Amino acid sequence: MMIRVRFHGRGGQGAKTASRILGTAAFNEGLNVQDSPVYGAERRGAPVAAFTRISDGEVLERGYVFDPDVVMVMDSTLLDNPTARPLDGIRRRGVLFVNSQTGSSFHGIQTARPDIRVATFDLTGEALSLVGKAVISSATAAAAARIIGLVTDGSLEKAIRSELEELGLNDELIEKNVTLGRKVFASLEPVELSTDEYFVRSGLVPFELIMGERTGTEEITSAGNSNAVKTGSWRIFKPIIDYNKCTACMVCFAYCPESALTLRGDYKPVIDEDNCKGCLICYRECPPKAITLEKEVREF
Amino acid sequence: MTVEQQTRFRTLKDIPTPDYMSPGGSLCAGCGGLLAVRLFHKVLGPNLVWVNAAGCLTVMVNYPYVPLKSNWLYTAFASAPAGAQGVRDAFDILIQKGKIPAEEDVKVVVLTGDGGAYDIGLQSTSGAMYRNLDFYYLCYDNQAYGNTGFQVSSATPIGSATATTPPTPSEPGGNMFKRKDLFEIWRAHKPPYIATLSSSFAVDFLRKVEKGSKMKGPKLFISLAGCPTGWGYDPRETIREEKLAVDTGIWPLKEAVNGEVKHTYLPRALKPVEEYLSTQARYEHLFRPTKRTEVIRMIQNDVNNYWKMVSKDENVEIRLVGE
Ligand code: SF4
Ligand code: SF4
Ligand code: SF4
Numbered sequence: 000m001m002i003r004v005r006f007h008g009r010g011g012q013g014a015k016t017a018s019r020i021l022g023t024a025a026f027n028e029g030l031n032v033q034d035s036p037v038y039g040a041e042r043r044g045a046p047v048a049a050f051t052r053i054s055d056g057e058v059l060e061r062g063y064v065f066d067p068d069v070v071m072v073m074d075s076t077l078l079d080n081p082t083a084r085p086l087d088g089i090r091r092r093g094v095l096f097v098n099s100q101t102g103s104s105f106h107g108i109q110t111a112r113p114d115i116r117v118a119t120f121d122l123t124g125e126a127l128s129l130v131g132k133a134v135i136s137s138a139t140a141a142a143a144a145r146i147i148g149l150v151t152d153g154s155l156e157k158a159i160r161s162e163l164e165e166l167g168l169n170d171e172l173i174e175k176n177v178t179l180g181r182k183v184f185a186s187l188e189p190v191e192l193s194t195d196e197y198f199v200r201s202g203l204v205p206f207e208l209i210m211g212e213r214t215g216t217e218e219i220t221s222a223g224n225s226n227a228v229k230t231g232s233w234r235i236f237k238p239i240i241d242y243n244k245c246t247a248c249m250v251c252f253a254y255c256p257e258s259a260l261t262l263r264g265d266y267k268p269v270i271d272e273d274n275c276k277g278c279l280i281c282y283r284e285c286p287p288k289a290i291t292l293e294k295e296v297r298e299f
Numbered sequence: 000m001t002v003e004q005q006t007r008f009r010t011l012k013d014i015p016t017p018d019y020m021s022p023g024g025s026l027c028a029g030c031g032g033l034l035a036v037r038l039f040h041k042v043l044g045p046n047l048v049w050v051n052a053a054g055c056l057t058v059m060v061n062y063p064y065v066p067l068k069s070n071w072l073y074t075a076f077a078s079a080p081a082g083a084q085g086v087r088d089a090f091d092i093l094i095q096k097g098k099i100p101a102e103e104d105v106k107v108v109v110l111t112g113d114g115g116a117y118d119i120g121l122q123s124t125s126g127a128m129y130r131n132l133d134f135y136y137l138c139y140d141n142q143a144y145g146n147t148g149f150q151v152s153s154a155t156p157i158g159s160a161t162a163t164t165p166p167t168p169s170e171p172g173g174n175m176f177k178r179k180d181l182f183e184i185w186r187a188h189k190p191p192y193i194a195t196l197s198s199s200f201a202v203d204f205l206r207k208v209e210k211g212s213k214m215k216g217p218k219l220f221i222s223l224a225g226c227p228t229g230w231g232y233d234p235r236e237t238i239r240e241e242k243l244a245v246d247t248g249i250w251p252l253k254e255a256v257n258g259e260v261k262h263t264y265l266p267r268a269l270k271p272v273e274e275y276l277s278t279q280a281r282y283e284h285l286f287r288p289t290k291r292t293e294v295i296r297m298i299q300n301d302v303n304n305y306w307k308m309v310s311k312d313e314n315v316e317i318r319l320v321g322e
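Protein chains in written order, with numbering that gives the first Met the number 0: chain R, 0 to 299; chain G, 0 to 322.
Next comes chain R alone, as it looks inside the complex (with noise of 0.2 Å):
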């Protein structure tokens, strides 16, 4: 038996803190485990994933985990990323798990992979309730060790705390995060995991259902075309501009590290909801506070 769990996730969210959570909480139960993360050159906020092998044998493979049985997606706006491609592979009968506060169904992915089963939960929602932070490394590690079924409460917590120690977290937030552990097993249930050897490669998933919109050549070669790449995907919070509050400062558009703001004719400011990466730093230095902040609610 071999369960083979791949996360996806955004940099800063704790992909793979999760993958070395869950590792440590099944080798507490006495199975062997590999856990590993990949990401590439970008920063906070870009696609990571991360994997973790558990087995009551041994772990010969290595690697990137191309035919998973469980895959947890932490943000959702990563289903139809071209980068993170998280449905590629995911084994016949495999369970996807998606960090969403919409109670969506997913619709669109079960109807290109009937028998994949869905799992959602808003652990988002959670870990800023109960932690007060976006982070949700421990909430999705509880998550996959409750799916997969291997794991008791009780190794899921040591694994918390040891892997949260280790980071040099201070005993207030570990305990946050074992609470949030323990709310997030609580709520989910396990998934009996019959996957089969055969894995779907990525060519049986619709192609616009990861693709999105085409680049074309023109694109490519112009100059400034990074908001091509809509990194408003990246926030948590959105800021909203009002406009009777707004004195035409500039403040904001001054301080704005993405470019992301332009002036309209009144010399105030206008965000650009596809490319704002959310840092809030507009929201924080707006003199008369003329800035309000939403939680983004995505739909896939």
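Careful, some of the hints might be misleading.
Unchecked claim - Computed cross-link-like contacts, SDA-like style, restricted to lysine to any residue with a CA-CA straight-line distance of at most 20 Å: (1) R:Lys175 - G:Leu11; (2) R:Lys229 - G:Glu283; (3) R:Lys132 - G:Tyr232; (4) R:Lys244 - G:Leu11.
In case anyone wonders, no lab produced these hints; they're calculated from the structure. Everything numeric in this text was worked out from a predicted model, so none of it was measured.
Chain R is already provided as a structure; the job is to place chain G with the ligands on it using the hints.
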């Protein structure tokens, strides 16, 4: 002429409205280094060649997506100033031979992090200054090797934890080496213009770049670059963090015109360094589990000693902390 008459930047509202960069690059949300590049670009206008040494900011480009609307040349860590020399010479020769019209000339700007400026590219910077190369040099100083996971550089301040200087039982204070004084290293080469910058003092920032642009020869700038990822603070705090660095006296804003140093912002009373240190995770070990008063005092003393010298040299009164 007063300073006000020499500049087109009197208030924040004078900030040039065109942007020469697009959003959507790959850097962390709230990156102070990117903001410095954006402001620098605004002053110099669109006709630039950035010669970028390996580092965090090279990752703003993720092929085929490029935020810059200007030109960009990516060099190895050590050799950006050498690259700048090549670009400068090529343009000079082409214009001289009449192959391109003089109005197509560009400004050549080296862009490098502190790893490139203080460590790996120090000798080629020295060489370019020696040859009196007519170029700009912008170091975004986030005080460590941010690109590879925040390892110590010779710009890392005392007390900072980095990936390679974590607090340990034998070295509980984190990094125990003092930052190199790059400003003074540069000044020893006698270039026409050197300045320190912080985006949080945007008008000061814009004025200095403008001032440098009126001179021929090497014009070098070090900008503090608030780094939410490496320093460990919420991305929204980048401006606040940089401002605190200035108000505590940790990051002096100054310039040297033909070697003569003048501070462009003189805080009347310094804020305690503790106010700044306690907001960043890289200094957390100085406060928890036990307070490392001796390290904090050492940092404060260094700051006090610096401003004592400034008080004397520039004949101003500055209230220090704890004296
Ligand atoms: S949140 Fe950040 S990226 Fe978005 S507009 Fe405000 S300052 Fe710019
Ligand atoms: S900082 Fe606030 S008041 Fe000033 S321009 Fe921006 S939104 Fe308007
Ligand atoms: S690590 Fe720091 S300097 Fe590098 S991109 Fe991120 S915020 Fe900017």
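Item to complete: Give me the numbers of the hints this structure contradicts, sorted from smallest to largest.
Response: 1 and 2
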